[in-house]
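Peer 1: Heads up: the sequence shown runs through residues 1 to 231, numbered per the UniProt record's numbering.
Please keep in mind that the hints were generated in silico from the structure rather than gathered at the bench.
All C-beta atoms, glycine included, are put in the ideal place defined by N, C-alpha and C.
Some hints could be false.
Taking CB as the label site, the calculated pair distances span [said to hold, decoys possible]: (1) Glu87 to Ala195: 39 to 49 Å; (2) Asp100 to Lys191: 15 to 25 Å; (3) Asp154 to Thr40: 21 to 31 Å; (4) Asn229 to Arg118: 31 to 41 Å; (5) Asp60 to Thr217: 15 to 25 Å; (6) Lys225 to Gly179: 38 to 48 Å; (7) Asp154 to Thr217: 36 to 46 Å; (8) Gly186 to Gly42: 20 to 30 Å; (9) Arg69 to Thr217: 14 to 24 Å; (10) Ser189 to Ser30: 31 to 41 Å; (11) Gly42 to Ala72: 31 to 41 Å.
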Amino acid sequence: MSFSEKDDMEIKAPGKDKIFAFVLAAGESSRMGEPKQFLTYGGASFLTRAIEGFIRAGVDDIVVVCGFRFEAMKEHILGSRYSIAVEEFLKRLTIVENPDYSKGQLSSIKAGLEAFRRKKAIDFYKGFMIQLIDRPLVRYDTFKKLKERFAADDGGAILLPSYKMKRGHPACFSSGFIGRILGLGGGESLKTILAENEKEIKYLEVEDAGIITNVDTPLEYEKIKGVANVD
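With these hints in hand, go ahead and build the complete structure from the sequences.
Peer 2: Take a look at the structure:
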């Protein structure tokens with residue numbers, strides 16, 4: 001199923017200019033042996049770095065999907081410091097619990113979409129961004145560049161950052177894909193959407209190796225401890 005002209009017209013509708021963002025933080029970090037959401041880099045936890053990246057990008061809303069140790073994650077989010085006032089942060093924030101987090105990232109994206117569209121008029125959003133919790137080295141200015149490019153591009157259905165010809169995260173999708181994502185079944189993922197819509201993908205080349213740097217194991221975490229703060 002490819003991105004249709006009808007969906008493209010809907011995305012360009014007057015007033016449809018807001019961007020929301022997902023932080024996927026539901027997993028139990030089995031390979032790390034401890035919740036990587038709480039691990040730190042550059043003076044902040046992996047979880048707060050992802051949230052702060054979207055704050056600095058200027059997205060309108062941030063949806064954080066948690067699962068494993070949900071209450072601890074929620075407390076950590078609300079107890080952390082960010083670059084905007086608490087009142088403004090809480091206006092933008094939606095914390096979602098995904099009890100089915102063991103089923104993988106797609107279950108978290110679906111849970112986030114369902115919860116967010118119950119809270120906000122999702123038709124007024126041009127699209128959304130997705131960041132994974134295991135990419136803590138992504139520079140804050142990369143979040144901002146992606147958001148600005150995505151918001152300005154009337155014809156962009158999917159925007160991905162690229163570093164030395166390798167694509168990474170955060171990823172940007174137009175709202176026209178929401179129905180298709182919610183309809184994905186077992187064995188499918190966002191890679192299914194990308195494979196179906198290769199011609200709709202645009203790339204933003206960035207000088208940021210963090211977009212392709214996964215931190216999922218103790219060894220990978222040890223390696224980044226020696227990397228200077230990217231921000």
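Peer 1: The structure should be examined with respect to each hint, and the outcome stated for every one.
Peer 2: How the hints compare with the structure:
| no. | hint | in the structure |
| --- | --- | --- |
| 1 | Glu87 to Ala195: 39 to 49 Å | holds (42 Å) |
| 2 | Asp100 to Lys191: 15 to 25 Å | holds (19 Å) |
| 3 | Asp154 to Thr40: 21 to 31 Å | violated (39 Å) |
| 4 | Asn229 to Arg118: 31 to 41 Å | holds (38 Å) |
| 5 | Asp60 to Thr217: 15 to 25 Å | violated (35 Å) |
| 6 | Lys225 to Gly179: 38 to 48 Å | holds (42 Å) |
| 7 | Asp154 to Thr217: 36 to 46 Å | holds (41 Å) |
| 8 | Gly186 to Gly42: 20 to 30 Å | violated (37 Å) |
| 9 | Arg69 to Thr217: 14 to 24 Å | holds (19 Å) |
| 10 | Ser189 to Ser30: 31 to 41 Å | violated (18 Å) |
| 11 | Gly42 to Ala72: 31 to 41 Å | violated (22 Å) |
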